[in-house]
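Letter by letter, the chains look like this.
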Amino acid sequence: MTRHNIDFSSSVPVYRQVIQAIKLEMLSGRLQPGNQLPPIRELAKILKLNPNTVAKAYYNLEEEGFIESKRGSGNWVNYKNNKLDNLRMGMVEDEVKDFLERVFSLGATLEDVKNLIERYSRK
Amino acid sequence: MSREIINVKNLSVSMGKKKVLDNIDIKFKRGESVVIAGRNGSGKSTFLRCLANVILPDRGQILFSNGIARDKIGFISDRLSLFEDSTVQQGIDFHSSVFGIKEFDYTLVNELKLELNQKIKRLSMGQRTLFQLSLLLSQHPEILLVDEIIHTIDPYLREKFLETVIDLMGSSQTTVIMVNHTFSEIEKIPERVLVMEKGQFILDERTENLSEKIKKVESDTPIPENIPCIFKRESEFYKEYFIYPFDEGIRKKFPYEYKDINLNDMIKAFVGGQYVKDRNH
Amino acid sequence: MLKTEIINVLKQTFYFLLVVLTLPGILLGTRIVRDQSFFQIFFPIFQFGLLFWALFMGISLFSTERGQRGMEYLLSLPYSRLWLIGQKILPRAAVELALYFVCMLLYVQGGENAAAVHSFSFTILYFALFCISLSLSASSDNFLVLFVFSLFSLAAFLCLVFGVFWAALQAKGYIFYEFDIRPFFTDTVDRYLVNLIVPVALGILLPLLISLSLAFRKFDMRPAKTYNKRFFKFFVPVFIIGLIGSFMFAHQTLEIGYTRYFLTQDLQVVEANEYTGVKIYDGQREYRVNMDVYYFWPLWQESPFIYFWDGFRVGRLSTLEHTAEILYEAPRGEWIDWRNWGYDRTMAFLERKRDYSDTHLVLLDIDSCDVKKIPLTGEPFKDYSNCMIFGADKVEGRRFWLIYPQGRLEEKPIYQLWEDGRIDSIGASQKWPCYINGTLLSYAANEIILSKHKEGKFEVLQSILNKEDFHFGWYVHFQKKLSNSPVNEVYGRKIYLTSDEKNTGQAYYTEYARLDLDNFKIEELDGLKGYLNLYSADIDSYYALEMDDAAHEANLYQVKEGTLKLLKTFKDVDLTSGLNSFDVSESGMLVKKGNKIKVYALPDLKEVKFKKL
Numbered sequence: 028m029t030r031h032n033i034d035f036s037s038s039v040p041v042y043r044q045v046i047q048a049i050k051l052e053m054l055s056g057r058l059q060p061g062n063q064l065p066p067i068r069e070l071a072k073i074l075k076l077n078p079n080t081v082a083k084a085y086y087n088l089e090e091e092g093f094i095e096s097k098r099g100s101g102n103w104v105n106y107k108n109n110k111l112d113n114l115r116m117g118m119v120e121d122e123v124k125d126f127l128e129r130v131f132s133l134g135a136t137l138e139d140v141k142n143l144i145e146r147y148s149r150k
Numbered sequence: 111m112s113r114e115i116i117n118v119k120n121l122s123v124s125m126g127k128k129k130v131l132d133n134i135d136i137k138f139k140r141g142e143s144v145v146i147a148g149r150n151g152s153g154k155s156t157f158l159r160c161l162a163n164v165i166l167p168d169r170g171q172i173l174f175s176n177g178i179a180r181d182k183i184g185f186i187s188d189r190l191s192l193f194e195d196s197t198v199q200q201g202i203d204f205h206s207s208v209f210g211i212k213e214f215d216y217t218l219v220n221e222l223k224l225e226l227n228q229k230i231k232r233l234s235m236g237q238r239t240l241f242q243l244s245l246l247l248s249q250h251p252e253i254l255l256v257d258e259i260i261h262t263i264d265p266y267l268r269e270k271f272l273e274t275v276i277d278l279m280g281s282s283q284t285t286v287i288m289v290n291h292t293f294s295e296i297e298k299i300p301e302r303v304l305v306m307e308k309g310q311f312i313l314d315e316r317t318e319n320l321s322e323k324i325k326k327v328e329s330d331t332p333i334p335e336n337i338p339c340i341f342k343r344e345s346e347f348y349k350e351y352f353i354y355p356f357d358e359g360i361r362k363k364f365p366y367e368y369k370d371i372n373l374n375d376m377i378k379a380f381v382g383g384q385y386v387k388d389r390n391h
Numbered sequence: 002m003l004k005t006e007i008i009n010v011l012k013q014t015f016y017f018l019l020v021v022l023t024l025p026g027i028l029l030g031t032r033i034v035r036d037q038s039f040f041q042i043f044f045p046i047f048q049f050g051l052l053f054w055a056l057f058m059g060i061s062l063f064s065t066e067r068g069q070r071g072m073e074y075l076l077s078l079p080y081s082r083l084w085l086i087g088q089k090i091l092p093r094a095a096v097e098l099a100l101y102f103v104c105m106l107l108y109v110q111g112g113e114n115a116a117a118v119h120s121f122s123f124t125i126l127y128f129a130l131f132c133i134s135l136s137l138s139a140s141s142d143n144f145l146v147l148f149v150f151s152l153f154s155l156a157a158f159l160c161l162v163f164g165v166f167w168a169a170l171q172a173k174g175y176i177f178y179e180f181d182i183r184p185f186f187t188d189t190v191d192r193y194l195v196n197l198i199v200p201v202a203l204g205i206l207l208p209l210l211i212s213l214s215l216a217f218r219k220f221d222m223r224p225a226k227t228y229n230k231r232f233f234k235f236f237v238p239v240f241i242i243g244l245i246g247s248f249m250f251a252h253q254t255l256e257i258g259y260t261r262y263f264l265t266q267d268l269q270v271v272e273a274n275e276y277t278g279v280k281i282y283d284g285q286r287e288y289r290v291n292m293d294v295y296y297f298w299p300l301w302q303e304s305p306f307i308y309f310w311d312g313f314r315v316g317r318l319s320t321l322e323h324t325a326e327i328l329y330e331a332p333r334g335e336w337i338d339w340r341n342w343g344y345d346r347t348m349a350f351l352e353r354k355r356d357y358s359d360t361h362l363v364l365l366d367i368d369s370c371d372v373k374k375i376p377l378t379g380e381p382f383k384d385y386s387n388c389m390i391f392g393a394d395k396v397e398g399r400r401f402w403l404i405y406p407q408g409r410l411e412e413k414p415i416y417q418l419w420e421d422g423r424i425d426s427i428g429a430s431q432k433w434p435c436y437i438n439g440t441l442l443s444y445a446a447n448e449i450i451l452s453k454h455k456e457g458k459f460e461v462l463q464s465i466l467n468k469e470d471f472h473f474g475w476y477v478h479f480q481k482k483l484s485n486s487p488v489n490e491v492y493g494r495k496i497y498l499t500s501d502e503k504n505t506g507q508a509y510y511t512e513y514a515r516l517d518l519d520n521f522k523i524e525e526l527d528g529l530k531g532y533l534n535l536y537s538a539d540i541d542s543y544y545a546l547e548m549d550d551a552a553h554e555a556n557l558y559q560v561k562e563g564t565l566k567l568l569k570t571f572k573d574v575d576l577t578s579g580l581n582s583f584d585v586s587e588s589g590m591l592v593k594k595g596n597k598i599k600v601y602a603l604p605d606l607k608e609v610k611f612k613k614l
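Residue numbers (this note's numbering), protein chains in the order written: chain B, 28 to 150; chain S, 111 to 391; chain V, 2 to 614.
The following block holds chain B by itself, in its conformation from the complex:
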């Protein structure tokens, strides 16, 4: 998740970005159920964030059911399989929405977009 830079000037709250980054890790398979997440302090140090921010992110992830916080031993990835699929779909949908918004603001038509998608997806 450290590969995903936090965009400090984005209007998206930082903790949300952290959540997003962790979810991406899970989606990509780099974080498997049973893996331990970095301790709050460590992640805060790496990302140069307030530990409270990281704590908030972990708390939300726990609420959403992706991780489990065990007192004394840290935070562990633990989710049910279908959760990940739902997540995947949700994130893909968000990406597509953003993508379309951006290309349409450039003045592209749906036809242009579809053609380009097909061309590049063949590679």
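The hints are simulated quantities; they were obtained by calculation from the structure and are not laboratory data.
Some hints here could point you the wrong way.
Residues from chain S that keep clear of chain V, each with C-beta distances beyond 10 Å, as calculated [what the hints assert, rightly or not]:
#1 R159
#2 Q171
#3 L192
#4 F209
#5 F214
#6 Y216
#7 T262
#8 I263
#9 S329
Taking lysine to any residue and the SDA-like style, the derived pairs with C-alpha atoms no more than 20 Å apart in a straight line are [said to hold, decoys possible]:
#10 K4(V) <-> Q199(S)
#11 K326(S) <-> E297(S)
#12 K75(B) <-> D277(S)
#13 K83(B) <-> I211(S)
#14 K270(S) <-> R68(B)
#15 K4(V) <-> I211(S)
All values derive from a computational prediction rather than experimental measurement.
The beta carbon of each residue, even a glycine, is placed where N, CA and C say it ideally should be.
Chain B is fixed; fit chains S and V onto it per the hints.
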């Protein structure tokens, strides 16, 4: 119970005729992380020194909640004040004896590869900074006061410094108050931003709220006067306006593109606005 | 933190001592100084070194912090400002005191001869420098500035000390006194001045230290000006109080020169001081007598005149007019002996040069001021130049005076000096003889020899056994009446020194006896303690003032025919300080305690109030 840890009441400090701190009223909570920004000479360092008991107020008082003794306050400034002729080890011993530290944690000292017999005045700025930080850490401070020190050291040590502070914040609910001029590296560490000007706080907001309250507008034409603008830069080719306080009502009324800005630019806007104010007087 | 301070201070002291000890060695070794012992060179160096050391110890209070950029660090430590300054001052004060005691020890062990500065002035300078430099230490970062300012302050301090005394003297009317400060540095300062100078010095120094601690409570990293303003805010009022207090103290206790008080027959008080002049108090007012006086000693009274002597003049004071007139003045360079005798209207006294040579017997007629001088040269007076007149009489119209030499207690001749200049030797005496009722009492071992003038010369009448070797009439020399009146008794005393059998722990111990002049019987007087001053007020009664040093009491007795009647006891009397005196005269008693004067009239000892005294 209130989590209040510091309560500043009517704090005033004068240096000669100039009033450096002007009747300041402010509270800090336990575990809060705060950054204080402002122009040079606005009183930031003086304020921090008052909290550290290095400068004594002419009027007003600084109250610490019960349980906070003076030895739980750690203070480091760009003066990097230590007994220079002492060696590293002597400095450690002295500090330990004053604060009653039984076992000093040499981790940072070892990481920096400091020689214990070296005189403190022979250390580089960076080494000295982190050395002093390690001394402060050994006190297990409940309040950490950092005055304009980040930008004077190299990026590596700077990162180390910040990581140490973050570690402290995470492990022991330490209240951290930093005076800074640059914000790129500490962008998301403080929860609360204070801007000081002429001995008073002109801005006191939580960082999460700030991004919603300060926006930038880039425009070719001047924007209406009644949009609250704290700073603007108008040239032939480029005009930018910094809006504070922003709310959704303004967006509805004046449909410009309101951009989010980072902390550095926010502070720049605030400080810049003060310069403009001075020029116009 | 105290430990660090102590170590620092000791280190610095060590270096100081090293320098002070090696410098004399170098001077001796390189033969720059010769013919002196190590100690002789060392001690003055040590003294001056200590003075600079006191200065240095004070202003270097924060030198480590300032030099090592550690002031901010120091102030951020969890110590109160007062605690901080205490930690700093304590080791330095301890070293100061220790070195002082070493210096004093060395002084006593021979340093006195080698000293460059006298011990008292050294003490004052030493502690003053320390206090001054200490209190200035926080007011500047600059060592040189502090150093210079401290020295100026020291000069100011010394001026103030002397200024306070000068002002007190002026306020008391000491118009003739010239203040010379040189003795302060070179001579042994007597105890009295020490007791005065120390409180005044403290009154000026303490405000500095008080202001330091008050101002330091708010010491911080702001520029020195802020601290200095605060320091002065405290210093000015405290200093003014201290200065006023010192002045008032000096004014109260300062007494320069000797002030004599004399009670006149009509119960007026004459006050004489060589510096303030002569004043007369009559109960309501104070009168200044317009006369130059060097020394005022009342001789006798003949209302309304008091005849007095002032060293080289004889004059009389009028208690009615409150004026003085000079009856006789000795020639320049000559001195009048105060032991004189009167007969009829003639006063006789000895006049001599200051080296006791060239003695004359001067006969002064009180009324006409006519003077007759008889030179006393030749045999007896060559050997005994310091003689005294102890009696006078008139036989067949011719007057004579009895003279006895001063000196050691050994047998010395008695002379009879006739008006025409003829000198007769009339025996010898081991103690001062006494002439009472026309009878000469002279002393041999355990014997009193009585002689009377018969047919032109003195003849021995009888000798009385004087087992205890009492000395009678020792007080009679103080009798200054113009005419001898017959008395029927005379009192005597015997002084025992501590090596005697009757060792009471005092330096001396006196016993008294009475000699009846009718039956020549000697009876000892019991019940008298301490030292007795006998005053014969008139023909019939004597008054005795008994000083009991041990019990700090003085008792006034009326003495008559060997019986003592206690009239009054004065308690709480301190006779050792020299500031108290008790004087009995024919009209009453004058008691001086410090600055308070009380007068009691005889015979009932009722207190007489004086408004201005």
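In rising order, the numbers of the hints this structure does not comply with: Violated hints: 1, 3, 4, 13; rest satisfied.
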